[in-house]
Amino acid sequence: MNGIEINDVSKTFGDTLALNQVSLTFGPHKIYGLLGRNGAGKSTLLNIITNRLFADSGQVTIDGLPSIENDPAQNKVYLMSEKNLYPESMTCDEAFKWTKQFFKDFDLDYALNLAKQFKLNTKKKIRSLSTGYTSIFKIIIALSVNTPYVLFDEPVLGLDANHREMFYRLLIERYSDNPFTAIISTHLIDEIANLLEYVMIIKNGEIMVNESCETLLSKGYAVTGTITQVDAFIADKEVIGTDVLGGLKTATIIGSINKSTVPDWIEITNLDLQKLFIKLTNEE
Amino acid sequence: MQINFEDERPIFAQIADGIEDAILTGAFEESGQIPSITELSVSYKINPATALKGISLLVDEGILFKKRGVGMFVAPGAVSRLRDKRKELFFDHYIKKLIEEAKKLGITNKEILEMVERGYQE
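Protein chains in written order, with the numbering used here: chain S, 87 to 370; chain F, 15 to 136.
Don't read these hints as lab results, they were simulated from the structure.
Relax, there's no trap hidden among the hints.
Straight-line distance between alpha carbons at most 20 Å, and here's what the computed SDA-like set of lysine to any residue pairs gives:
| no. | chain 1 | residue 1 | chain 2 | residue 2 |
| --- | --- | --- | --- | --- |
| 1 | F | LYS118 | S | THR347 |
| 2 | S | LYS305 | S | GLU353 |
| 3 | F | LYS67 | S | THR301 |
| 4 | F | LYS110 | S | GLU353 |
| 5 | F | LYS59 | F | MET15 |
Between the sequences and the hints, there should be enough to build the whole structure, so can you do that?
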């Protein structure tokens, strides 16, 4: 069985339930968005897959192999995490070579080429890098490591708009040339929405959405009009959120749309992933 | 090729439309090569599977064809085929909407025709 399979995984920290019986599968050669608010359990899940944390119960398998203390399984996965696991006195050059020891398919030439493109001085010590360049350093390794599964935890933290664009472009190029599974956890949803094939949304340690992005966004729509018009229109519909601005009201609706029943004066727009995410994860 | 993702249709359909527009305006010439899936995905920041879906739509309609190992090309005769297809949709997409709006504003049938005349002359 190919893919990362997570089966009934739970994890608690003290009396906080970080993951509650989570089951999901990341298939081969797809780009996933793992979305959730701060503290929702995204990093915990990624850390459990890569043995940096251990689940209280449940199993993870990677291409059918149990993930725990199992090198053949772990060699298939690379986690670009928020935490820096490299010795801080190491230079970027040394860190690249060090990575090559652990991941034999790591492409050193490509990494050095990326360093040039990002203008990262590889002679610098890792600890002396700014927040943005620490992210760039980690991105370079993640894009050069050539494992079948690459997990990106907040990859664009501290990156300016130009560098974020570069990262998205390189990710697509890398994925097109040599497909792999990318799991991206980010808060900048608008920027990657169109890049994702599948979306998983975690809320309070539970998976609330696990679906293809296209299917998810076709499940609903938004309408805008005057308050009375919109209220009349949404009376018999499943509404997941409303916003009022002056006399205008916008309602986000789950359900299929029958255009012939929509009055002229109501404007229909598509769901967008970020807005949907906000509606679904807002605490009441 | 310009695409505005604010549109209410799925992205792959908008990619297909964008390519059609570029063929109709001559930006992509008949028998000429069009950008690769990777180039399309990178410039619009979309998943390559989405770009592929848009391209496949046009391959199925015979507007584009694939040369193995080389890339995607515009089929000979694509322009006239696209014109025929767009003409069929012209009434639904433009005329119906025009009349709807005209009715709201109280513009008569005769006034519309005059405006159309004026539009052609300008």
